[in-house]
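Q: Going down the list, the sequences are from chains A and B.
Quick note, the first sequence lines up with residues 379 to 464 if you use our numbering.
Quick note, the second sequence lines up with residues 10 to 195 if you use our numbering.
Worth flagging that the hints you see were computed from the coordinates, not collected in a lab.
Incorrect hints may have been included.
[As the list claims (entries may be wrong)] With a Cα cut of at most 30 Å, we get these calculated DSS-like pairs of lysine-lysine: (1) Lys74/B <-> Lys132/B; (2) Lys138/B <-> Lys413/A; (3) Lys415/A <-> Lys138/B; (4) Lys415/A <-> Lys173/B; (5) Lys138/B <-> Lys100/B; (6) Lys105/B <-> Lys27/B; (7) Lys159/B <-> Lys27/B; (8) Lys415/A <-> Lys102/B; (9) Lys182/B <-> Lys102/B; (10) Lys381/A <-> Lys173/B; (11) Lys410/A <-> Lys100/B; (12) Lys381/A <-> Lys38/B; (13) Lys38/B <-> Lys412/A; (14) Lys113/B <-> Lys74/B.
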Amino acid sequence: MSKNDIRLRRQRFARGADRYRNYGAVMERHEKEKKLKIVIRAFSMFLVALIVIMLIVILGRLEKKSRTTHKPTVSGQVITVRGQIV
Amino acid sequence: MSEAEIRQENEIVERSRKDIRAFGELYEKYFDRIYYYILRQTDDEEIAGDLCSQTFVNALNHLPKYEYRGLPFSAWLYRIAGNEVNKYYRKKKVTKVFSIEEIKVRELVERSDDTWDEDLIRKLLEFMKDLPTDMLQVLELRFFEDKDFKEIAYILEMTESGAKMRTYRALDKLRKNFHIKVKYDE
Numbered sequence: 379m380s381k382n383d384i385r386l387r388r389q390r391f392a393r394g395a396d397r398y399r400n401y402g403a404v405m406e407r408h409e410k411e412k413k414l415k416i417v418i419r420a421f422s423m424f425l426v427a428l429i430v431i432m433l434i435v436i437l438g439r440l441e442k443k444s445r446t447t448h449k450p451t452v453s454g455q456v457i458t459v460r461g462q463i464v
Numbered sequence: 010m011s012e013a014e015i016r017q018e019n020e021i022v023e024r025s026r027k028d029i030r031a032f033g034e035l036y037e038k039y040f041d042r043i044y045y046y047i048l049r050q051t052d053d054e055e056i057a058g059d060l061c062s063q064t065f066v067n068a069l070n071h072l073p074k075y076e077y078r079g080l081p082f083s084a085w086l087y088r089i090a091g092n093e094v095n096k097y098y099r100k101k102k103v104t105k106v107f108s109i110e111e112i113k114v115r116e117l118v119e120r121s122d123d124t125w126d127e128d129l130i131r132k133l134l135e136f137m138k139d140l141p142t143d144m145l146q147v148l149e150l151r152f153f154e155d156k157d158f159k160e161i162a163y164i165l166e167m168t169e170s171g172a173k174m175r176t177y178r179a180l181d182k183l184r185k186n187f188h189i190k191v192k193y194d195e
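Bound conformation, chain A alone (with noise of 0.2 Å):
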């Protein structure tokens, strides 16, 4: 199969661009994307400094937890000074 399709135009292209030329159109779109990107950069700085707040709260909150329920503990092991236990 051909890598591409080759086609031969006998005549020269009709001048037909100015049909598309729409600068004004171009600016709206370029103006609309330009505050789309805005947008898009604000909420994602919204959920990563979301995403911080939420991970901060969760390790103290974790940490609060580990705190109340290891209480300390006695070991088993006996310490005696001078023959006496302590």
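We have chain A; now place chain B onto it with these hints.
A: Okay, now just chain B, sitting in the frame of chain A:
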């Protein structure tokens, strides 16, 4: 395009970075060229119109990132347009079209015996169908868009020597297969 003209054009680009309305001058100047460049690679006016608009929107969106390299601003536009065309073909998954005007082929190929027949055109088109796409792109920019190798290298994101090598290989194939003289042959 002279160096002074290129510099002058870059001043418009610098102005456009501050005031986007200044870009209109470049749009008017290059719209036709970019449109027909895309049309030659799609053979569809509607698609060419859409991709051309997208090219200029992308250019406006990325204008702050544009770097002046001593080349005409159009080289950057051709590069964006080429990327848009490639993106279109990747999405559509159809065979890439190269629409060539007969008059341009006649300009490119000058038969040594001054004869020109339909059979030769047919064979030439068959031959071109099997050329790798990158070779066709180089030939198109060199002979149908009249770009120099420095510009071609920038547009196709390759080295200047690479662009030259591809062109000469393609031309060698043409010469060997058709025993023809090619435009720019000395």
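Q: Each hint: holds or not?
A: A quick look at each hint next to the structure:
Between Lys74/B and Lys132/B the alpha-carbon distance is near 45 Å, which puts this suggested pair outside the 30 Å criterion. Taking the CA atoms of Lys138/B and Lys413/A, the gap is about 44 Å. The hint is violated against a cut of 30 Å. At roughly 41 Å between alpha-carbon atoms, Lys415/A and Lys138/B are farther apart than 30 Å, so this suggested pair is violated. At most 30 Å may separate the alpha-carbon atoms for a hinted pair to count; Lys415/A and Lys173/B exceed this at roughly 40 Å.
For the proposed pair Lys138/B and Lys100/B, the alpha carbon gap of about 21 Å is at most 30 Å, so the pair holds. Using a Cα cut-off of 30 Å, the hinted pair Lys105/B and Lys27/B is violated, with the two alpha carbons roughly 38 Å apart. Distance restraint check for Lys159/B and Lys27/B: the Cα-Cα separation of roughly 29 Å lies within the 30 Å cut-off, and the hinted pair is therefore satisfied. Pair hint Lys415/A plus Lys102/B holds up; C-alpha atoms about 29 Å apart against a cutoff of 30 Å.
A threshold of 30 Å between alpha carbons decides the hint, and for Lys182/B with Lys102/B the separation of about 28 Å falls inside it, so the pair holds. Of the pairs offered as hints, the one joining Lys381/A and Lys173/B holds, with about 22 Å between alpha carbons and a cut-off of 30 Å not exceeded. Between Lys410/A and Lys100/B the alpha-carbon distance is near 24 Å, which keeps this suggested pair within the 30 Å criterion. Under the criterion of a C-alpha separation no larger than 30 Å, the hint pairing Lys381/A with Lys38/B is inconsistent with the structure, at around 34 Å.
Simply put, Lys38/B and Lys412/A have alpha-carbon atoms about 24 Å apart, close enough for the 30 Å limit, and the pair holds. For the hint pairing Lys113/B with Lys74/B, the CA-to-CA distance comes to about 35 Å; that exceeds 30 Å, so the pair is violated.
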